[in-house]
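Under UniProt numbering, the first residue of the sequence shown carries the number 1, and numbering increases by one thereafter.
Since the hints were made in silico from the structure, they are not lab data. On a predicted model such as this, the values are computed, not experimentally measured, just so you know. Note that beta-carbon positions come from the ideal geometry of N, C-alpha and C, so glycine has one too.
If you anchor each label on the Cβ, the simulated ranges turn out as follows:
1) N67 <-> K101: 27 to 35 angstroms
2) S14 <-> M218: 36 to 44 angstroms
3) Y164 <-> I241: 35 to 43 angstroms
4) H166 <-> K246: 33 to 41 angstroms
5) E300 <-> Q363: 56 to 64 angstroms
6) G285 <-> H265: 33 to 41 angstroms
7) H7 <-> Q237: 48 to 56 angstroms
8) D282 <-> D80: 50 to 58 angstroms
9) I169 <-> E242: 30 to 38 angstroms
10) M218 <-> G76: 36 to 44 angstroms
11) K147 <-> H7: 29 to 37 angstroms
12) G76 <-> K18: 15 to 23 angstroms
13) G213 <-> R159: 29 to 37 angstroms
In silico DMTMM-like cross-links for lysine to aspartate or glutamate, where the CA-CA straight-line distance does not exceed 25 angstroms:
14) K260 <-> D243
15) K71 <-> D153
16) K71 <-> E17
17) K91 <-> E29
18) K71 <-> D87
19) K193 <-> E173
20) K71 <-> D32
21) K91 <-> E214
22) K158 <-> E173
23) K71 <-> E54
24) K38 <-> E144
25) K49 <-> D78
26) K71 <-> E29
27) K107 <-> E257
28) K240 <-> E214
29) K260 <-> D271
30) K95 <-> D219
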Amino acid sequence: MKVAKDHLWAGRFSLGEKIGAGGFGQIYEAEDTRQHIKVALKIEPNDVKNSPLEIESKMYGVFTNNNYVPKMYFYGSDSDKNLLAIDLLDKSLEKHLADCKRKMSLKTVLMLIDQMITCVQYIHSCDFIHRDIKPENFMTGCGEFSKRIYIIDFGLCKRYRNQYNHQHIPYTEGNSLTGTPRYASINALAGGKQSRRDDMESLGYVWIYLLKGELPWMDEKSEDVNVKFAKVLKKKQSTKIEDLCKGLPIEFTRYFEMIKSLQFHQEPEYDQYRQMFRTLFDSEGFERDYIYDWSNVESEQAEAKQNGTAGYRRTKRARKVVQVEELLAMKSNAKVEEDKTPTEDSKGGFILGRGHREKVEAQKQAAAQSAEESAPKQKIVRKRTMTRGVSSPMMAPTPGIDTKAKMTMEMNYFKPPPPPPPKIASRI
Numbered sequence: 001m002k003v004a005k006d007h008l009w010a011g012r013f014s015l016g017e018k019i020g021a022g023g024f025g026q027i028y029e030a031e032d033t034r035q036h037i038k039v040a041l042k043i044e045p046n047d048v049k050n051s052p053l054e055i056e057s058k059m060y061g062v063f064t065n066n067n068y069v070p071k072m073y074f075y076g077s078d079s080d081k082n083l084l085a086i087d088l089l090d091k092s093l094e095k096h097l098a099d100c101k102r103k104m105s106l107k108t109v110l111m112l113i114d115q116m117i118t119c120v121q122y123i124h125s126c127d128f129i130h131r132d133i134k135p136e137n138f139m140t141g142c143g144e145f146s147k148r149i150y151i152i153d154f155g156l157c158k159r160y161r162n163q164y165n166h167q168h169i170p171y172t173e174g175n176s177l178t179g180t181p182r183y184a185s186i187n188a189l190a191g192g193k194q195s196r197r198d199d200m201e202s203l204g205y206v207w208i209y210l211l212k213g214e215l216p217w218m219d220e221k222s223e224d225v226n227v228k229f230a231k232v233l234k235k236k237q238s239t240k241i242e243d244l245c246k247g248l249p250i251e252f253t254r255y256f257e258m259i260k261s262l263q264f265h266q267e268p269e270y271d272q273y274r275q276m277f278r279t280l281f282d283s284e285g286f287e288r289d290y291i292y293d294w295s296n297v298e299s300e301q302a303e304a305k306q307n308g309t310a311g312y313r314r315t316k317r318a319r320k321v322v323q324v325e326e327l328l329a330m331k332s333n334a335k336v337e338e339d340k341t342p343t344e345d346s347k348g349g350f351i352l353g354r355g356h357r358e359k360v361e362a363q364k365q366a367a368a369q370s371a372e373e374s375a376p377k378q379k380i381v382r383k384r385t386m387t388r389g390v391s392s393p394m395m396a397p398t399p400g401i402d403t404k405a406k407m408t409m410e411m412n413y414f415k416p417p418p419p420p421p422p423k424i425a426s427r428i
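Kindly generate the complete structure, drawing on both the sequences and the hints.
Given below as structure tokens:
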């Protein structure tokens with residue numbers, strides 16, 4: 001789908017960079033020239049059947065005046081395109097997970113859990129179920145709202161009860177899967193009608209994924225979609241809750257047990273779930289400062305960007321050091337090779353290089369010194385002269401010098417020399 005970036009869409013939206021894409025179309029960062037704010041502008045062809053943007057716009061019309069769903073600013077068409085403008089958000093939890101090297105800390109996930117439960121509870125309070133709970137559909141806000149979690153993508157939302165009398169939909173089987181297999185509930189994969197309990201089960205899978213970076217059924221693949229769904233379902237059914245939550249606090253196991261005990265029509269105990277994880281948070285001694293794992297990563301990235309020039313200079317200097325060291329090593333190797341190279345003497349013969357000659361000469365000197373040391377030494381007998389107060393000729397008193405002081409000096413003199421100081425490599 002071609003999108004003209006120099007076009008003022010709907011007479012008010014100026015496109016910036018592309019920030020995403022999906023089955024419906026493309027998403028751009030844009031500026032609303034009327035309200036002078038940044039928005040996310042979704043664009044799709046207007047000839048699609050059951051327009052996802054039209055369905056989503058209706059959902060935004062239902063989810064109003066809250067802190068959990070982005071605000072909608074515009075829905076309409078321009079030329080052959082449908083447009084939907086909403087709050088510009090930052091990153092999804094999936095992208096934040098990538099920034100955190102595919103694992104998040106318990107503290108971060110517990111702070112997310114509190115808000116994610118509230119987001120889903122709000123959707124349910126409006127008589128809808130989401131049916132596509134996954135990390136990609138939870139995003140952080142921008143600027144002053146960067147600590148806040150938003151829930152997005154309402155194209156698969158469905159009413160689970162009548163908006164007037166709150167009569168719940170009936171349970172049926174044999175339904176096709178709506179949602180993402182990785183996070184879908186066992187009931188949804190088996191073809192059961194979805195209700196609030198299915199959204200809550202999917203939430204639990206998302207939390208395990210954020211903590212561990214994986215789920216047991218992620219490797220189940222097949223080119224046939226139905227075969228893949230069947231494999232994922234079989235793996236989920238055979239995975240015990242204790243194994244799924246292995247290595248995590250017992251509260252996660254208890255959560256799944258409570259969710260799986262819910263009846264189709266039953267309302268989840270949102271407050272109880274939140275309180276359970278809040279108690280865990282406090283028992284771990286965490287501070288509710290909303291400093292997520294990725295907050296430090298983003299700070300480091302911003303600092304690196306700010307210090308980019310200095311970093312370049314340091315890198316450049318490091319390259320120079322390496323180049324000098326390589327040059328010295330090359331010269332040293334060249335000298336060794338030169339010393340090994342035979343040279344022609346004045347008589348037409350060949351002799352080895354200077355390095356070899358020096359080596360031979362050193363060997364000769366060492367042999368001579370060894371022979372001299374091994375020769376028997378003549379014993380020298382000195383006549384001992386006894387002097388009053390002195391036991392040895394070398395200890396004879398010297399005018400003006402105290403004998404005890406002199407003894408101390410001579411004893412110190414014969415002490416072995418201290419070891420040489422360690423060599424410190426010079427920096428180039």
